[in-house]
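> Chains as they are written, first to last, in the numbering used here: chain E, 1 to 112; chain S, 1 to 116.
Simulated from the structure, these hints should not be mistaken for lab results.
Please note that the accuracy of each hint is not assured.
[What the hints assert, rightly or not] A short, non-exhaustive set of chain E residues, derived as facing chain S with CB atoms under 8 Å: (1) Gln33; (2) His45; (3) Ile49; (4) Thr84; (5) Phe88; (6) Thr104.
Remember, predicted model here, so these are calculated numbers, not experimental data.
Where is the CB? At the ideal position from N, CA and C, for every residue including glycine.
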Amino acid sequence: SQQGEEDPQALSIQEGENATMNCSYKTSINNLQWYRQNSGRGLVHLILIRSNEREKHSGRLRVTLDTSKKSSSLLITASRAADTASYFCATVITGGGNKLTFGTGTQLKVEL
Amino acid sequence: NAGVMQNPRHLVRRRGQEARLRCSPMKGHSHVYWYRQLPEEGLKFMVYLQKENIIDESGMPKERFSAEFPKEGPSILRIQQVVRGDSAAYFCASSPLALGGGDEQFFGPGTRLTVL
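Take the sequences, apply the hints, and build the full model.
This is how it looks when you write it as structure tokens:
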């Protein structure tokens with residue numbers, strides 16, 4: 001089964017609203033990363049949060065990590081139409097080397 | 001600084017043919033990863049290579065799939081005797097020298113393989 005399960009699977013909001021996506025995972029991790037994928041394109045790294053961190057900010061992005069609940073959330077504030085994309089969480093599992101284990105993704109649509 | 005390059009971007013093969021996918025990592029990056037993405041799914045890890053070494057191939061199917069990262073030239077993912085189920089997007093990623101905790105990976109645009 002997937003290491004990461006994301007919720008919701010799809011999200012549709014109006015421009016200017018905030019978007020929150022959640023990710024749950026099963027095993028101990030070194031870090032958790034969020035990536036964005038525009039339709040038919042490659043992935044773009046957004047933010048990395050290490051297992052000893054609880055919150056991280058980057059521009060309009062805010063990521064939280066709760067290792068006791070094995071969950072993370074990505075908040076995009078003041079969304080724009082250009083934020084329309086699929087968002088994936090990916091974990092680096094403790095003792096699992098450097099490979100990324102991806103979640104199932106959240107499809108975000110930001111409407112004008 | 002050019003990003004991760006993959007070619008071809010689109011590849012069409014008939015069942016039974018071979019597919020060769022190429023990946024040139026970012027300049028200065030010595031770690032290459034291959035992932036496969038089936039339609040409407042997340043990426044699945046296939047293999048992790050350094051120059052002339054396969055470090056982790058736990059995600060590679062046991063048969064027909066192989067990967068290399070020679071001393072000179074791009075990394076190659078090779079699929080022999082392709083079947084329809086191999087149709088997917090194949091992404092390559094690279095990272096600089098790993099510090100042991102796993103770092104950001106830089107992804108290429110992907111190769112979309114279609115098997116007829």
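> Against each hint, give a clear statement of whether it holds in the structure.
Status of each hint after checking the structure:
Annotation: E/Gln33 was flagged as interfacial toward chain S, and the flag holds, the nearest CB pair being 7 Å apart, inside 8 Å. A hinted interface residue such as E/His45 counts as satisfied when its beta carbon comes closer than 8 Å to some beta carbon of chain S; here the least separation is about 5 Å, so the hint holds. Annotation: interface hint on E/Ile49 violated; nearest CB of chain S at approximately 12 Å, more than 8 Å. Interface hint status for E/Thr84: violated, as the beta-carbon distance to the closest one in chain S is roughly 16 Å, over 8 Å.
Hint status for E/Phe88 relative to chain S: holds, with the closest Cβ pair at about 6 Å, below 8 Å. For E/Thr104, the interface hint holds, since its Cβ comes within 8 Å of a Cβ in chain S; the closest pair sits about 5 Å apart.
In this structure, the hints that do not hold are numbers 3 and 4, in rising order.
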